[in-house]
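Trainee: Protein chains in written order, with this note's numbering: chain X, 799 to 1111; chain V, 415 to 842.
Please keep in mind that the hints were generated in silico from the structure rather than gathered at the bench. All residues carry an ideal CB built from backbone N, CA and C; glycine is no exception. Heads up, some of the hints might be wrong.
[To be verified] Heads up, incomplete: computed chain V residues facing chain X, CB under 10 angstroms, no partners named:
hint : residue
1    : G421
2    : D450
3    : G454
4    : V456
5    : R542
6    : Y609
7    : S611
8    : V613
9    : T620
10   : T687
11   : D729
12   : F737
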Amino acid sequence: MGLSGKDLLGLQFVPVEEIKLILNTAVPMKEIIKRQIKKVPTLRGRSVVTVFYEASTRTRVSFELAAKYLSADTVNIAAGTSSVSKGEGLKDTARTIAAMGADVVVLRHPMAGAADMLARTIGAPVINAGDGAHEHPSQALLDLFTVREKKGRLEGLKVAIIGDILHSRVARSDIWGFTKMGAEVRLSGPATLLPQETERMGAITCASIEEALTGADVINILRIQKERQQQGLFPGLREYSQLFGINKERLKLAAPDALVMHPGPMNRGVEIAPEVADGVQSVINEQVTNGVAVRMALLYLLTGGGNQHEITH
Amino acid sequence: MKLLIKGGTVIDPAAGKVAEKDILLADGKIAETGTDLSTGGVEVLDAGGKLVAPGLIDMHVHLREPGFEAKETIFSGTRAAARGGFSTVACMPNTNPVADNAAIIAYIKNRARAKGAVNAFPIGAITRESKGEELAEMGDMKEAGAVAFSDDGMPVMNAGLLRRAMQYARMLGLTIISHCEDKNLSAGGAMHEGYMSTVLGLKGITSSAEDVMVARDILLAEETGCRLHIAHVSTAGSVRLIRAAKARGVKVTAEVTPHHFSLTAEAVAGYDTSTKVNPPLRTAADVAAVKEGLADGTIDVIATDHAPHTVEEKDVEYELAPFGLVGLETAVGLVWTELVATGVLTPLQAITKLTINPASILGLSKGTLMTCADADITIIDPEISWTVEPAQFAGKGRNTPFTGRLLKGLPYATIVSGRIVMRDGIIK
């Protein structure tokens, strides 16, 4: 089987079977990354264009390497270095790229819905690499992959997501992904940074951080941005660290074998204590490796893989 | 020039009556109303099976001229009105330059006379350039023909200034129309704050952004004795506040738009920018509340807030798109489909909110079928089903969230001063 949609814009509408397919496909992909010669000819002759309207090292490099390991040609367009900065609209940029024959377009954009708009504009598959506070599906998939690999399952696990949920596309994609896979998702953060009605998404908003952490199998710690303080959404980073920072003491509330995750980049000493970030329970570096594997799976599946031919090992 | 409208069901909100009657129009006025009027020597318009009402009045439209002629002009906007069954519109002052002085008011009136398919009455700004800093010359504007004052879209945040505007408007005997939005609460929002804004990751506009200002403006109207009209009510909280204010005798009236009684924030899914409107589409509970407000008389008027934009302006990321949608050409269909067919309003109540109520708020001698009244008439076919196709709109805007929607009830003819300006969708 393959994926039913042309694009991957978010996890909200992806069926459970397809999430499983992506995760299963990422397993052999991870094997390729571990090889000495990290190259298979699967996407030879195909082109992957990454369009980043926001600064990002991790996600962009991850997609680029994923494409290269599969032998695709890659081009990166960064806002500020191209006609994007001349005021060319997203739609015009998209049409231009499509006209040049891109087989897959990966988009990072500061505004929610940008990937939906791009997907409607062009015929090529679009992968949303983060659109505003909407979704970041490949991040959630790598989170699912990492947890499944470590825990052997997703169903029945308790997953705590801590921090600025309101502005987090990772949180939204994680809520959809983990709840679809049968996990319990708990949210905690400053009241001013919690969006409305998350219970309708299937998540539990906890009254306190202690409640969220108690017995948790996974703690996903979100980056808190200084910018939100300037917007008056919370009083300050120092207090934030006191109230919501994950340190060794708070970590003890979770299950003894709880995994510590962070989508990066980290503010060490703010939302996560250095000893927690580098501790034995941290899987933050493995998330990065798994990100490449999951993105290889996505590129493979969205270019028709799983439908016509099997992956070349 | 005489025109006999024959065989229709006449809805006369001034008299509160619905009856099979003929209406004879002569020299731009209503000459006679009765049964079996003689057809000799007059043009006859057969209205059999149709509803005959005073010409509909939309007291909240944006004609965009002067300044934004790419979006709409007085010519195109009044043609959209004619096609939508409206013989009169009142246009908001957020043009460029802002209609904040007598010269612009006079200009709009002159353009409307020269180019307008229907009557257009300008609404003047409350403050200079609608900046909310100093009062505009409201007295001068009244002399030039302004029928009310509003800083629509640019709410007067300074309560002291609005209080003085109300004292001044009261002296002039005109109404202040309030776009109720606390900019500190709504700042940067693109849609209603709730489940859908959470899922879509768009910044929300909380209901209290409206409620707080409705409460403030009601208190100021109560204190000053000024007539206050609340534009585009969208929340259950506003309905509750207005109901209570009316009960204690405050001179407050209110309007709701067809989109606010037809759609919820669920419509934003998929990021269709034609759903981006201010105030935003709210929840099912809010829709139920405004319908209740319509039914019990808390909400006096149905107005469209017709806000055309170009395709290019709307065809961008949701956050970047301007607020507003076009409403003139879908209003009657939505009123009949969503309110009349469902029993929320009787045809008489619906027509009342589209004619005599807005006329009375704006001080227009319209909205009635009395002998010698202006011969402005709208004929509606309540039975016809049709599909909304923006390509067929007479106005320039295509930004409607109702594309493809099946509606029942369509304006058949619009008559202005005894002259048929629209018949069967064709504008003359």
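Trainee: All hints, please: hold or fail.
Mentor: Taking the hints in turn, this is what the structure says about them:
1. G421: violated (49 angstroms)
2. D450: violated (58 angstroms)
3. G454: violated (60 angstroms)
4. V456: violated (54 angstroms)
5. R542: violated (30 angstroms)
6. Y609: holds (4 angstroms)
7. S611: Since chain X brings a Cβ to about 7 angstroms from V/S611, closer than 10 angstroms, the hint holds.
8. V613: Because about 7 angstroms separates V/V613 from the closest Cβ in chain X, which is inside the 10 angstroms limit, the hint holds.
9. T620: Holds, because the Cβ-Cβ distance from V/T620 to chain X comes to roughly 9 angstroms (cut-off 10 angstroms).
10. T687: holds (9 angstroms)
11. D729: OK, holds: V/D729 within 10 angstroms of chain X, min 7 angstroms.
12. F737: violated (16 angstroms)
Of the hints listed earlier, those the structure fails to meet are numbers 1, 2, 3, 4, 5, 12, in rising order.
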